[in-house]
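K.L.:
Sequence positions in the sequence shown follow mature numbering (1 follows the signal peptide of the UniProt record, and there is no 0) and run -20 to -1, 1 to 1239.
Hints listed in this document are in silico derivations from the structure and should not be mistaken for laboratory results.
Just so you know, even glycine gets a beta-carbon here, dropped at the ideal spot from N, CA and C.
It is possible that some hints are incorrect.
[Claimed, not checked] Distance condition first, Cα-Cα at most 20 Å in a straight line; then the derived EDC-like pairs of lysine to aspartate or glutamate:
no., residue 1, residue 2
1, Lys982, Asp1014
2, Lys982, Glu871
3, Lys982, Glu934
4, Lys982, Asp1031
5, Lys982, Glu903
6, Lys982, Asp1012
[Unchecked claim] Distance ranges between label pairs, derived from CB positions:
no., residue 1, residue 2, range
7, Ser499, Glu588, 37 to 47 Å
8, Ala585, Arg298, 50 to 60 Å
9, Glu569, Gly105, 56 to 66 Å
10, Arg1104, Ala814, 47 to 57 Å
11, Ser499, Gly105, 54 to 64 Å
12, Gly816, Arg298, 53 to 63 Å
13, Asp947, Ala814, 12 to 22 Å
14, Asp586, Ser1009, 53 to 63 Å
15, Ser499, Gly816, 35 to 45 Å
16, Ser1009, Gly587, 57 to 67 Å
17, Phe583, Glu934, 46 to 56 Å
18, Asp947, Gly571, 34 to 44 Å
19, Asp1103, Gly587, 19 to 29 Å
20, Gly816, Pro1126, 50 to 60 Å
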Amino acid sequence: MKIWLAWPAIALAFLSPALAKAQLIPDNSLGGETSTVAPQPGGDRIEGGAVRDTVLFHSFREFNVGEGQAVYFANPPQIREILTRVTGSNISQILGTLGVEGSANLYLINPNGIFFGNNARLDLGGAFVATTAEAAIFENYVFNTRTPEAPPLLSINVPLGVQYGGNPGSIGAEGAILEVAPGRDLSLLGGTVQLDGATLNAPGGRLTLGGLAAPGTIALAPVPEFPETGRADVSLTGNSRLNVVSGGRIEVSSQNLEIVNSRILAGFEPGSEISGAIAPDIYINATENLNLSQNSTIANELAAETIARGGNIQIAARSLSLTGGSRVQTIARSPGRGGDIAIDARDRIVISGFTPDGLFSGILTRSIGETGGPGGAIAIAVPSGDLTLSDRGFVAALTDSPNDGGAIAIAVNRLLLENGGQIVSATTASGNAGNIAIEATESVRVAGTSRDFVPNPFLNLTLFDLDNLPFTTAANPDVAASGTGGIPYISLERTPEQIISGTAVLGTAENAFDYYSFSIQQSNSRGIFDIDNGFTFDESDSGAVDTQIFLFNLTTGELIDANDDSDPESGGLGSDTPRDSYLETTLDEPGIYVIGVGEFESFAADGEPIEGNAIDRGDTYRLQVSLENQGTQGVSLPEDPLNPNNFNANINANSGIVSQTTGRGNAGSVTVHTGRLIVENRGQISTDTTIAGRGGDIAIEARDGIEIRSAIVSSITRGAGDAGNVTVDTQDLHLSEGGELNVNTLGSGNAGNIAIATRESVELSGEDGRGNPSSLRSEVEASATGNGGNVAIATRHLEVRDGAAVSTVTFGAGNAGTLRVNATDSVSVVGTNANGFVPSRILVDVWDDATGDGGNLTVTTRRLDVGDRAFIAASTRGLGNGGQLTIRASESVEVGGTSPDGWPATLFTDSLGDGDGGNFLLETGQLRVFEGGQISAGSFGAGDGGSLTVRASESVQLRGALTAVEDIPIFRDETGTLFPSGLFTASEGTGNAGALQVETPKLTVFDRAEITVSSRGEGRAGTLTVVTSQLDLDTQAKLRADNSGGLGNIDIMAADVRVRGNSRISTNARGSEPGGNIAIATQNLAAIDNSDISANAVNSQGGQVRVTAQGIFGIQFRPQLSDRSDITASSDLGAEFSGVVEVNTPEIDPARGLVPLPNQVTDPSDRIISGCPADEGNRFSLTGRGGLPADPRQPLRGETIVPDLRISATDPVEATGWIVGDRGQVKLIRCREVIPAEMGIDQPSRRLTQPTVHLNSKF
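Start from the sequences and build out the full structure, keeping to the hints where you can.
P.N.:
Written out as C-alpha cells, the structure reads:
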C-alpha cells in the first residue's frame, strides 16, 4: 500500500552523518524577534521568538534534534502556547529529546514532514502537537509556513485549527516513545501518520492521530475535529502502542487505518487515577477501511481497585477487518461499569482467524472478578452491508462477576457466521448474561465448524502394553494451521517390525486391539483423531489396514463415538481415500478417555471392549491426535506480557449464536429478526444453563423462511435453572440432513417450551451422516428431574419424512412435555431414513426406566396422512404413565403403506413398562386404513393400556393386510402370519387393555382387515363398541375380542349389519378365561358365505351372544362352527360348558307367513292369437303394467304399434335387507316394503310391486 512507500527514503536519510547532531536554523521571518539557539550542557535552548499575550512564536528554516541530543524551548512565565514553524523544504527529524522548560503547550509545524526516531522523547509539562499542516489558524491571524510573516501586534489566544495545503508531508515514528505529562494532550496531525514500533502515551489526556491528504482544515479547539473528506491514511505496525491507561481519550481520524501487531489502549490501571482525568474513551473514524491484523488490539480496561467508569470504544468506517487474533474489547475489573463498544460500518465487517498460540479474533466486553462492575454493551451496525465471523472469530459479552454482562445488538443487511464464527453472551458467576439481538434485513447464515485448532500444551498420550511405539511431534498437516510453524499434534506410527499386544482397559477381550488413553482437564474440550492410511483394496498395498476407530470414556465405559470410513474432505489433508478413519468430537467432561483401533469389521458397545478383527502383525497405520481445551473459561493460552487478558470467548468450534450461563446468573435471550435464516453444517443457535441460572429464550422471526441443515437450534438446562423457551415465526421452516430444533433438561431445571408459527409449512426430512435424524423435540434426559418443555406447532402444512421426528420424550424422573400440532390444511408423516430402518414419526414417549410421565399429543388438521412405516404415537416403556393422543382431522385420516422391510404405518398409544398407556381419541370425517396400517392402544407390560375412540362423521374404511415379518412388534392376526389393517386395543403383558369404540355412519372392514380388542397375557382385554348406521364386513374381515386374561366384549349398535366372505364377529377366549360377550342391536343382520358370530372358549365356559334385530338373514344358531354362517358360544370342554346365544326378534320366524305362488299365474292359451297384422313384420309383443298383459283379442283402436306400457323411469331404490323363503330363495327388499306375513306377523298381506316386462321381437 502507498502509505508504506515514503519511509525507505526517510530511513536512508537517518544514516547520513550530517544528522548526528541537531540542526536548528532559525529564519528571518520574525524580524527583530527572531528565534535564537543557545547551546547548553547536554543540549540546546531555544530562546527569543515573538511573544503575543500568552503565545510565543518561533520560526526555523531547519528544525531537527540529533541522536543523543536534547532541545528545550524556554518558557517565559506568561506563555501558555509555543508555536514553532519550519519554513524550509526539509522534514524535521526528532532523534533525541524535545522539551519545554515549563508547562506551555508545544506545537511543531512542518508541512514537509516530521519523523521521530528510535530514541525520540518528549520532556514537557504541557500538550504536544506535531503537524504537517501549512499554517496554524487564530481568530485574527494565520501563522503560515509558506508565506511566513511576523504575527501582528494584536491580542492572540490559542490556535483554533491547522490549515493544510496540497500534498502535505507525513508524520512517522519508528521505535520512539512519546509521552506527555499526566492530563495533557498529544496529537500527531499529518498527512499520513505512520508508527512502527512506536509508543505514544497521554495518561489522563487526549491522544489524537490523523491528518489530511488534500487542502483542508482540522479544528483544534475545543477538541480536534476532522473533515469527512480529504483525509490521509494512518498506520500502526511493529508493536506500536497508543496508550491513555490512566484515563484519557484516544481519537484516530483517517481515510484508511492499518493496525498490524499493534495496540490502542485506554482505561485505568490500579492507582493511576488522575484528578480531572476525562473518561477513557476511544474514537476511531476511518472514512474508508480499518484493518487490524496479527494480534492487534483496541482495548479499554478498567483495572481492579479503581473507582471510575470504563471508557467506551466507538468505531466508524466503511469497512472493518479483524484478523489473526486481533481484538476490540472492553474489560471491567472494578465496580465501575465497563465500557460499551459501538461500531458503525457502511460496507462490511470481517472478523476472522487467530494467532499461532491460539488467540481468536473478536469483539469482546467482559466483567471480571468479585469486584467487576457491569459489563459493557456491544452495538454493531452495517445497515446496508455484511457482518462476517469466520475461522473462530467472535463477538462476545461475558461476565465472571456478580454484575450483569452487557447486551449485544447487531443491525446488518446480512450476517454470516462460518467455520467456527460465534456470537456469544455468557455468565460464569451470579451476574446475568446480556441479551443478543440481531436484525438482518436480508439473511442470517450460521454454517460450518472450524478446522483451525488451538494446541493444548498439556497434551499427553499413553499407550497400553504397546511395544516401543515411537512418539513424534510435528506440524499437523491435518487441520488448518495459523502461522508458518503449523499447529502441533502427536503422531503414532505403527510399523511392521513392531509386535502389538494391546490389552483392553474396559474389560477382557478375546482379541488384542490397540488402545491409547489421554486426559482432558477442562469441560467442552475438542478432539480430532485421524488415521490417514491411504488404504485401498489393491493387493500390492501390503501392510496397510482398513481401520476402524472407537472413542471410550474410561471412567464410565461409555462408547462416545466410532468411525469406519470417512469423507476424505472431513479428514486430514493427507487423506485421499474414504476408507480412512476420522473422529472429531467435543468431550463434555474432564477425565480420561481411550482411543481404540481395530480392523474392519470390528464392534464395540458401552462398557464392552472392541471385538471383531484385531490389527495383524505387519499391518501399519498412523494415528494423529489433536486436543484443544476450550469452554467458557477459554482456551489455555501462554501469557502475553503486552496483553495479560488472553482469553477466548468461543464455546466450541462450531459456528453459532450462543447464550450461556455456567453460574448462578441467568443467561441472556437470543432474538433474531431477518429475511431468511440458514443454519447448516454443524452451525448452532443455542442457550444453555449448567448450574442455577435460568437459560435464555430464543426468538426467531424470519420473513421468508428458515432452513436448518445438519445443524441445531436448542435451549438446554444441565442444572437447577430452567431452560429458556424457543419461539419461531416464519413463512416456511425446513429441517433436513439431521437438523435439530430442541429443548432439553439434564438436571433439576425444567426444559423450555417450543412454539412454532409458520404461514405456510413446517418440513422435516432425512438424517445426517451419523444417522441422527432431523428433529423437532423436547427431552428429559436420564439424569434429569426437571420436566420437559412443551412443543406447539401452528402451520398450514406439516410434513415429516425420510426418518425425521417431532417428539417430546422423558428418559428420567421429569415429565415429558406436551406436543400440539395445528396444521390448517394437512399433516403428512411418511417414509423412513435411507436404510429403511428408522421411521418418520410424531411421538411423545416415556423411555426405559424413566419415572416421569409422558406428555399429551394433539394433532389438529384438515387432512392427515401417515404412510410407509411412519407413525404417530404416545408411548411409555418406563415407570411413568404415557400421554394422551388426540387426533382431529376435519376431512380425512389415511394410514397405510409399508417400508421395504415390511413394517406398516401406525397410529398408537401403548405401555411397554409399568406405567399406564394413554387414551387415544381420533375424530375425522373419513378414516381410511389400508396395506397393514394400524391404529391401536396397547399394553405390553405391567401398565394398563389406554382406550381407543374413533369418531368419523362420514365413514371408516379398513382394508387389507400385509405378510407378517419377524421381530416387528405390531399386531398380527390369529395365525401370526399377517399384519392386518385395522383398529386395535390389546394387552400382551400383565396390564389390562383399554376399551375400543367406533362411532361413524358407515363402517367398512374388508380384505382381512380387523377391529380387535385382545389379551394375550395376564391382563384383561377391553370392550369393543361399534355405533354405526351401516356395518359391512367382507372377505375375511374380523371384529374380534380375543383374550386370555378375561373380558373382551363386543357391543354393536347398527341399523344394518352385513357379514360376508368368511368374515367374523368373535369374542373367543384362550386359556382358563370364559369367552367374551357379544351384543348386537340392529334392524337387519345378514351373514353369508360362512361368516360367523362366535363367543367360544378353549378351556373354559363359552361366552354370551345376544342379538336383537328386526331381520336376521343367512345365519342361525348352531352348537358348533360349520361351513355355513353360524352363531355359536361353544367350548372345547364340551356342550355343558357352552355359553348362551340369545336372539331377540319381534316374533319373526323366517319360515312362516310366506305366500305360495303358482308356477303359472294364468293360462296363456287364450291370451295369444295365431295371426298378426301384415304390417307388423312378424313382431311379437308382450307388454303389461304391474299385472297381466293386455287381451290380444281386443281391438287395437287403429294403432299399428302397441304403445309402450312400461312404467316411467324412477330413481333406483337401494335394497337394505333380504329375506329367505321356505325354499331358500333370497329376496332383496327395502325395510319398509317387507311383507309382514312373510316375517311371520299376522297382518293383512301387502303385495310387492312387480316390474313391468316389455318384450319386443321381430319374426
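K.L.:
Does each hint fit the structure? Answer for all of them.
P.N.:
Cross-check of the supplied hints:
About 14 Å separates the Cα atoms of Lys982 and Asp1014, which keeps this hinted pair within 20 Å; it holds. Between Lys982 and Glu871 the alpha-carbon distance is near 15 Å, which keeps this suggested pair within the 20 Å criterion. A C-alpha spacing of about 7 Å is found between Lys982 and Glu934, which places the hinted pair at or below 20 Å, so the restraint holds. Taking the CA atoms of Lys982 and Asp1031, the gap is about 16 Å. The hint holds against a cut of 20 Å.
Proposed proximity of Lys982 and Glu903 is supported: the alpha carbons are some 14 Å apart, at most 20 Å. Restraint check: the Cα-Cα separation between Lys982 and Asp1012 comes to about 8 Å, which is no more than 20 Å; the hinted pair holds. Judged by the Cβ atoms, the range 37 to 47 Å given for Ser499 and Glu588 is violated: they are separated by roughly 22 Å. Separation of Ala585 from Arg298 is about 58 Å and conforms to the stated range, judged on CB atoms against 50 to 60 Å.
At about 60 Å, the CB distance of Glu569 to Gly105 agrees with the hint of 56 to 66 Å. Distance hint check for Arg1104 and Ala814: the Cβ-Cβ separation is about 52 Å, which falls inside the suggested range of 47 to 57 Å. The beta-carbon spacing between Ser499 and Gly105, approximately 59 Å, falls within the hinted interval of 54 to 64 Å. Taking 53 to 63 Å as the suggested C-beta distance range, the pair Gly816 and Arg298 conforms, at roughly 55 Å.
Evaluation of the 12 to 22 Å hint for Asp947 and Ala814 yields a pass: the beta carbon distance comes to about 21 Å. At about 57 Å, the beta-carbon gap between Asp586 and Ser1009 stays in the expected band of 53 to 63 Å. At roughly 41 Å, the beta carbons of Ser499 and Gly816 sit within the given window of 35 to 45 Å. Taking the beta carbon of each, Ser1009 and Gly587 are about 60 Å apart, inside 57 to 67 Å as hinted.
As the Cβ distance of Phe583 to Glu934 is approximately 53 Å, the hint placing it in 46 to 56 Å holds. Between Asp947 and Gly571 the beta carbon distance is about 37 Å. The supplied range of 34 to 44 Å therefore holds. Taking 19 to 29 Å as the suggested C-beta distance range, the pair Asp1103 and Gly587 does not conform, at roughly 60 Å. Between Gly816 and Pro1126, the C-beta spacing of about 57 Å keeps the proposed range 50 to 60 Å intact.
Of the numbered hints stated above, those contradicted by the structure are hints 7 and 19, listed in ascending order.
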